[in-house]
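Student: Read off the chains here:
Number of protein chains: 2
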Amino acid sequence: MLLAPAGSICAGTFTQSLLRAACVDLCVNRLQETLGKARAVLINSGQANACTGDLGLIDSLRATQELASRLEILPEEVLMCSTGVIGVPIPISHLLDSLNELIDELSEAGGSAAANAILTTDLVEKQFALEAHLGGRCVRIGGMAKGSGMIHPNMATMLAFLSCDVGVPSQLWQQMIKRVVDRSFNAITVDGDTSTNDSFLAFSAGAPLAEEYLDELEIGLTLVSQYLAKAIARDGEGANCLIEVVVQGAVDVSEARRIARTIAGSSLVKTAIHGCDPNWGRIVAAAGRAGVFFKNDDISLWLGPYQLLREGKPCKEDREIISRYMQKCLSGNYLVDDLILIRMVVGSGPGDAIAWGCDLSEKYIRINADYTT
Amino acid sequence: MLLAPAGSICAGTFTQSLLRAACVDLCVNRLQETLGKARAVLINSGQANACTGDLGLIDSLRATQELASRLEILPEEVLMCSTGVIGVPIPISHLLDSLNELIDELSEAGGSAAANAILTTDLVEKQFALEAHLGGRCVRIGGMAKGSGMIHPNMATMLAFLSCDVGVPSQLWQQMIKRVVDRSFNAITVDGDTSTNDSFLAFSAGAPLAEEYLDELEIGLTLVSQYLAKAIARDGEGANCLIEVVVQGAVDVSEARRIARTIAGSSLVKTAIHGCDPNWGRIVAAAGRAGVFFKNDDISLWLGPYQLLREGKPCKEDREIISRYMQKCLSGNYLVDDLILIRMVVGSGPGDAIAWGCDLSEKYIRINADYTT
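Protein sequences appear in the order of chains A and B.
Under the working numbering, read the first sequence as residues 1 to 373, first letter to last.
Under the working numbering, read the second sequence as residues 1001 to 1373, first letter to last.
Since the hints were derived computationally from the structure, they do not count as laboratory data.
C-beta atoms are modelled at their ideal positions from N, C-alpha and C, and glycine is treated no differently.
Be a bit skeptical, because a hint or two may be false.
[What the hints assert, rightly or not] Okay, the calculated bits of chain B under chain A, using three or more residues with CB under 8 Å as the criterion:
1) 1017-1024
2) 1084-1092
3) 1270-1283
4) 1304-1316
Please model the entire structure based on the sequences and the hints provided.
Tutor: Next comes the structure, spelled out in structure tokens:
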């Protein structure tokens, strides 16, 4: 459970899937009703509570109402996130029996325990926090996430939570968080599927900040969210490295994003990287099907420090050396030195964007072929 | 080389990728110029001749001009298709030296040799022909294809050719072939990438048929094209079975298609099938992200003869029995008894569609991780 201070404002972004879980409906409706005045989030891991019919909604309503009455807040101020197997309902009496214990153990030092409790197939906890001095005060932003791939309709997927001790007006906070998500959680892919339960909830509570510092605050929110998003991509099922795709020189950001995300999501790019193959043909072919116009002669391409294409023409780099660089990244440490950078310049426009993904390995197949609901 | 009779009409459909090979540009331009009056197709396997700059176009022009002069036809009547590694030009002098031999060996019985010569990573030849009695005469349709996955930007991908000994006016033929392709080659996926060289050329030549038989002719064209398309999906890299996804009851065909193709392309559905896991959660989750509205309570789902969902509710089928059925399909014979059928009813509308794909195995990863340009 997360508990936010009285007066908190919460902005949420959710899965685009039509088949979203009842708890997602509940979050969306309550945030609309209360204009973002949320106080608590109840989270369960193991059962997605998606495709469970009316029972899904009944259980979510009941659990949040119970928690609200024990916390002495309004039911509309309690949100719920579930993650786990689709089609499986929450063992509701077990959940209700645990609420008192949950409230008793509530603690400002409980972040790590919570970050651990929300995991499913994840191999590592995902937490990040930063402090910044803005407008003469210390500003703190913290976050945690779970997800071992952008999408796992089974161990249904990505949840992330952020807190910020600056009070930001509701509408402005919504707009900031939307931009932050576009540059973080919406820029990662593991296998292209979307889950039924994806949710990101960002809380703002505290003294307001002078308007001139809001841009810097947004940079901080973006940094925390990008760290968590990258941690999810890096922990993608079967992954050995994080892939960062930077596209520059497009007509605008939206076109740059489409190219970057298409490259990061290409199975053939992901397997080439897994095989330590500096295969520029697959990278440009993926860019070519992104639905964005650019000229072949304008493409320059780098893999890490090595240039593969200069204005459409292959460079005479030593394949062996580049392959060794890739091997080193693939055997690197989690989020320390395991990043493979693909940088593509597609023209001289102002549009830049980044996307993140991971390599595609035999282990991904085994995890997903052997995993049984 | 394919040679069509004088007076032939050719309709072509090509890759939607921005980065298409020079030979694709050449085909598109010549078919437009001549209103489909093509006579010959020169095909090379091994070099995609894509991303090869001006040289790519110069080589394609030179090869087709040489062939035209030796066949004593117009250069505009000669088309060219290349398949192979991106970024590698055709060894043009070797190709030109072989033209006389190619013309000498031209034969009506040469179909099999041609179907074999166009292969790259394919494991099997893909040919199909049928005869039908229409309007008091025998009508013949034949086809061949190569492709081991919808997409292989490296061994760049799908080529298919069809001949029909019925003369059909150019514009009508174009429209028929477009509909045929929508129900065949556009309904298959192996890994979601698009190649630089995808081409389908369909020739019509001979006595015309009374208008009342044209619908039946189109059924024949569709059957031949669907056989070839399914053969490509089944021969997808690392595949052990063909997956057929039938979606029924959508608002229209276009919505049914989006759902069917999204399911067929889902990595999580493909790995579940590879693992013989009747995992309905992944199938409905894929449908949910297809961008098409339907009600959860309207979904019924079958895997082969077994029903998994009835109007949104799970059926109490024996998982072991369904898993054994899947195992049998995965070890079945190529295009004989290796089909896994997924059928989903999403409502009571008139929109039905089919898509084809294949399972995703560790072998796909090894083929694409180890394969080096």
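Student: Hints first: check each against the structure and report whether it holds.
Tutor: To see whether the hints hold, each was checked on the structure:
1. 1017-1024: This one holds; 4 residues, not fewer than the three required, reach chain A with a Cβ under 8 Å.
2. 1084-1092: With 3 residues closer than 8 Å to chain A, the segment 1084-1092 of chain B meets the three-residue bar; holds.
3. 1270-1283: holds (count 9)
4. 1304-1316: holds (count 3)
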